[in-house]
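Q: Hints in hand, dock the two standalone chains.
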Amino acid sequence: MNDCGAVVCWPDARIRLCCTLAFAVLVVGLERWSALLVALLSGGLLVAWAGVAVRRLLRLLLLFEGGLLLTLALLPFTVPGKVLWQGGAITLTEQGALLTGMIAVRATAVALVSLALLSGLGVSRFAAALRALRVPLALVELVLLSARYLDVLEREQRRLRVAMRARAFRPRTDFHTLSSYGFLIGMILVRALERAERVSAAMRCRGYAGRMPLPELAPLRAADLGFAIGFALLLGALVVLGHG
Amino acid sequence: MHIVDGVLAMPVLLGSAGLALVGVGLGLRGLDETTIARTGLLTAAFFSISLLHIPLGPTSTHLLLTGLMGLLLGWAVFPAICVALLLQALLFGYGGLTVLGANTLNLALPALLVGLGGRALLARLPRAASSWALLSLGAAVGALAFIGSALLVAGALAASGEGFWAAARLALLAQLPVAVLEAVVTAAALRLLWTVRPELLVAPASAV
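Just so you know, the protein sequences line up as chains A and B, in that order.
If you read the first sequence in our numbering, its first letter stands for residue 4, the second for the next number, and so on.
If you read the second sequence in our numbering, its first letter stands for residue 123, the second for the next number, and so on.
Since the hints were made in silico from the structure, they are not lab data.
There may be inaccurate statements among the hints.
Claimed, not checked - In silico SDA-like links for lysine to any residue, alpha-carbon gap of 20 Å or less:
hint, chain 1, residue 1, chain 2, residue 2
1, A, K85, A, E97
2, A, K85, A, L101
3, A, K85, B, L143
4, A, K85, B, G283
5, A, K85, A, G104
6, A, K85, A, Q98
7, A, K85, B, A288
8, A, K85, A, M105
9, A, K85, B, E284
10, A, K85, A, A100
11, A, K85, A, E34
12, A, K85, A, G69
What the hints assert, rightly or not - Chain B stretches covered by chain A per the calculated footprint, using a threshold of three residues with CB under 8 Å from any CB of chain A:
hint, region
13, 141-154
14, 163-175
15, 192-202
16, 206-213
17, 276-288
18, 307-314
We put the CB at the ideal spot given by N, CA and C, even for glycine.
Isolated chain B, as found in the complex (with noise of 0.2 Å):
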């Protein structure tokens, strides 16, 4: 879910970067110094998260819960995802500085939109919910915000040259159980977070 420098063309490079940047643009203007300390630590609680790694039969994979992400904190994840994959580049030297705005685009755009609804739904949402609708409601969130953001990410694949359609294709296949993974965990931490804390799920996306 992480596309590397050197893969996409020129044109899917820019056009990215640039509604990259609006939306970190737009997630900054509702940043102040109230508000910065709860992103910056969200931030780095996702990053921290994201590098938890998930048995997968054999394999492992670690997870990245954008859609949480999202839910938590509306549009402030542009530039909370921007963040997290500089402080990849500097702390692990990965590179991606040219898919920097590839990679915040194809994360983000899912997390804010599925983000923004699942607020809207929790907000109608009684207090009293029965532990099903929450359940189905994070299972939601995760799979969806995951799934737009392998799509995103073949899409930008499939327009950067036509050999990489049927590669993209295949990656998609392959996530799909990994989406899966995003809905129950996404589902079993909503279900904690709207326990625990309810008012930090209730409170409008906008004194996020």
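Next up, chain A with everything else stripped away, as it sits in the complex (with noise of 0.2 Å):
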């Protein structure tokens, strides 16, 4: 788990976590293109700022808004207004296909912000971040927890995914394929308590008293501040353009 994946290292991750979230709860509220449209493009500048790697970007962005298309794909169809296209029973209306694409913006340029200020920020700073920002310690303790033993669980899951195959075990869609699926996901879960049980002995062997040691966060920097300051004009401007 690096610290830092992103090419850029500062602004600091409290600075970060707390622009992203102002950004998303702003930009959700808006509902002029102008302001929408200003959103997209910083969020699409800041990722290049980031120096997120474009086929990550690509694959990422593709996955995202894949999953846009899956939620948003009835709603053209299902609100009333004006028509725009008519085929059998169904109607395009231009406030369903606005509505649409109005969405699919804010949802767009809140996951490129995202993006942009969390992806490369590793769970440990990302943690350390949620600790200075008084977040219940035992929910820091539980994003610690699950995101380091995410990867070991995983391999866990490869490894018998493996022994399943050895034994000629091919996905289908049938109720063999599913209550195979089903016993995997049990002996996942098993492998997972036991682990547990001893990860839990070997935590409180080693005085663990409900916080693990973190990186210490600098203290907040000028250029810090400079990038809050950039940050709120940008926000600004959104709330200028939005409502102005």
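A: Structure below.
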């Protein structure tokens, strides 16, 4: 788990988290196209600035927009309004198309900014920022523990699936496949719970008292505050465009 | 089963975030140094399971198994789902920060109710119970938690705008085959757990 996946390491993790949250809350309330397009553009620029690898960006965007398409596909046809196109029982309305586009732009802008500011952060700095922002301790510990063991459990899952394949299991759409997956999942859970007993014992042996050590976040520097001020100006511009 | 940013109306967002906060707070109260590792590893396990692709006709789908989560985690299912969604936002950059509360509530509330009910029934089940009783309990847990979540998602959408209701109804119908998958897989997984480690399922949920 690297500390800083993106090329750009500043601004500070707390600033990144606060900026992302503020941006998201503001953007989901925007209803004017000018403001939405500026939000989308600034999301794109932030991603470019953060140096997210192009292939990774494309893969994530493709997945994200695919998911978006699935959730929003029906919306242009179900919102009442001025009819743009009609074919049989299906009508495409202007309001529906506009609303769908608006939601897609909002969601994409928020995803881009969180990709730019959060995904390069790494779990430990993210958790340190959460702790600094007074998120309940137990929740931060849960983030750390589950992020740390995600990889371990995924490897365990892969081993179990290789074992299934070695016994000539081929996934199909049938009852046998489903019950086999059910047994696989049950086995993953049994192993996770057994591992949890060992992990818990080891943690307590080493004097765990509800707090895992985390990297110390450096005090805020002028450059961090500069970023925060710049970001606040962007948000201010969005507010003016959205409501002015 | 995952609402994106920018869909829900502000009152729905705030209301569900408030309820989710209460649930997460209550769930965190039951956690201490001895139970946190178990909760963390189960969260990771369910997260990795949700990435598993299950073939469904020409496409594939992925499972949520929130009913089983509720059964194993009790009240801790609220923080577990919240953390899983946070990790999803962090690792995949999917956003979803403003709908974190709504998504947590929609998934965790049915999971909690079904899980607590399922626990109560399991505690009454004799150790040598017929596998049919166990399998039908598992299927009910899997299907009810999933359908509950689908209904909550549809309700949140319907409360956000009239245009969403028709879309939400169609989405509900499209989810039905997945509910069947959830039911079958949950039943099989529960049967394995009951056979291999029954003590995990009959201990009081408060000890979780």
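Q: Would the pair K85 (chain A) and L143 (chain B) pass a check requiring their Cα atoms to be no farther apart than 20 Å?
A: Status violated; Cα separation ~40 Å.
Q: With the threshold set at 20 Å, check whether the alpha-carbon distance from K85 (chain A) to M105 (chain A) stays at or below it.
A: holds, 17 Å
Q: Given the hinted pair K85 (chain A) and E284 (chain B), is their Cα-Cα distance within 20 Å?
A: holds, 15 Å
Q: Is the hinted pair K85 (chain A) and A100 (chain A) satisfied, with a Cα-Cα distance of at most 20 Å?
A: Cα-Cα ~10 Å, so holds.
Q: Checking C-beta pairs, does the region 192-202 of chain B have three or more residues closer than 8 Å to chain A?
A: holds (count 3)
Q: Counting residues of the region 163-175 of chain B with a beta carbon closer than 8 Å to any beta carbon of chain A, are there 3 or more?
A: holds (count 10)
Q: Compare the distance between the alpha carbons of K85 (chain A) and G69 (chain A) with 20 Å, and conclude whether the hinted pair is satisfied.
A: violated, 27 Å
Q: With a cut-off of 20 Å on the C-alpha distance, tell me whether K85 (chain A) and Q98 (chain A) pass.
A: holds, 7 Å
Q: Are there at least three residues in the region 141-154 of chain B whose beta carbon sits under 8 Å from a beta carbon of chain A?
A: Result for this restraint: holds, n = 5.
Q: Would the hint linking K85 (chain A) and G104 (chain A) be met if the CA-CA limit is 20 Å?
A: Cα-Cα ~16 Å, so holds.
Q: Verify the proposed pairing of K85 (chain A) with L101 (chain A), using a straight-line Cα cut of 20 Å.
A: Between K85 (chain A) and L101 (chain A) the Cα gap is close to 11 Å, so the pair holds against 20 Å.
Q: Is K85 (chain A) close enough to E97 (chain A), meaning Cα to Cα at most 20 Å?
A: Cα-Cα ~6 Å, so holds.
Hints 3 and 12 from the list above are not met by this structure, while the remaining hints are.
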